[in-house]
Amino acid sequence: MDRPVRIAVVGPIDDRLLADLAALPSPPEVRHWPSLRAGGVPLLSFQPELLAVAFGPDAAEEVGALRFHQGLWPLVGIVVLTDAAGERQHAALAATLGAECLARPCPPEHLAAAVEAARHGGPRLRPEALLDLARGVADETNNPLLFAAGHLQLLRATLEATRDAAARDQVEAALEGMQRVRAAVDRLRLVAEAAHGPARRESVDLAALLATAVAARRGGRATATLAIAPGPHAVPGDPEQLQAAVSALVQFADDLAGLGARSHLELAALPAARRLQLTVGGAAVQALDAGQTFAPFQPNRALRTPGLGLGPFLARTIVVGHGGRAWAQREANGDLRLEFVLPA
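Under this note's numbering, the first residue of the sequence shown carries the number 969, and numbering increases by one thereafter.
There may be inaccurate statements among the hints.
Have a look at the derived ranges for each label pair, beta carbon to beta carbon [said to hold, decoys possible]:
1. GLN1245 with GLY1145: 26 to 36 Å
2. GLY1008 with GLY1145: 56 to 66 Å
3. ARG1168 with PRO980: 22 to 32 Å
4. HIS1119 with GLY1302: 44 to 54 Å
5. GLN1254 with ALA1167: 31 to 41 Å
It should be emphasised that the hints constitute simulated quantities derived from the structure, not laboratory data. Everything numeric in this text was worked out from a predicted model, so none of it was measured. A virtual CB, placed ideally from N, CA and C, is assigned to each residue, including glycine.
Between the sequences and the hints, there should be enough to build the whole structure, so can you do that?
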């Protein structure tokens, strides 16, 4: 028989919450602490798999303590508890923490759904309709794209025979543009597939994936700096999906560097996980909203720059599909930090 899930309930809560947790279909092991700071050694020793946190009047310090615990337990699930009046404010805070937000009181099934979503890598990133849309757009676009590309290639062969260099260069530019469209179509299809988790699992070295992504960089432009801490860096997962996630994040980091941002990627090995972290700073990226960083195409709108939109969304979709977590937050110095943690 599987052991019960360990849930630490923190902050001012009513007894009804504890009763509702005890009544879940698979009753968890629940302990309550008045605050994260008051939990101390007993909370650390408990090593919860899920934190259910209700913020008191001193919310700023409690958020800092919560981020400290995220550093200790990068794969812990988090549910932010609130009432209806504070739901909007706390939902934005929960998004920056990669957490669920649950307004209480609520039906038991809502509590059960929030607990399961937090335990298994966060909420669904989009409704099922968006998956269907991504798949449909990819399918509808791919066939005419292949048709047009084939005709352009035939035209290029004809122009090479006539040695019309100017016209041939125009065809090459058109083919390059179509290749970029093809890459966007492939990303849409991968989003739809990755939401269902890895197609297969094998040992994948994240450092090697980073090296592949760096080798594929487009030349002649600013790029993000990169640091790889001592390993090991292997995780179980789908190599194709994880390569797509790492490549998307490297491209996103490079695109921000191209806008003048300080952009730095770092890969680190944690005791039971691997963490890929992107830190960006500078005036060029101040318009990015931490709570909306992973929303599809939100970076395009915030920075008014095309081509940025699907990278963070795709990376988070793949990481969550592999049982990991991803979140974004603003640092005290104004930098934006994106963290992707995969279980090892």
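So, going through the hints one by one against the coordinates:
1. GLN1245 with GLY1145: 26 to 36 Å: Holds: the Cβ-Cβ distance is about 33 Å, inside 26 to 36 Å.
2. GLY1008 with GLY1145: 56 to 66 Å: holds (59 Å)
3. ARG1168 with PRO980: 22 to 32 Å: violated (46 Å)
4. HIS1119 with GLY1302: 44 to 54 Å: holds (50 Å)
5. GLN1254 with ALA1167: 31 to 41 Å: At 39 Å between Cβs, range holds.
In terms of the numbered hints stated before, the structure departs from hint 3 and from no other.
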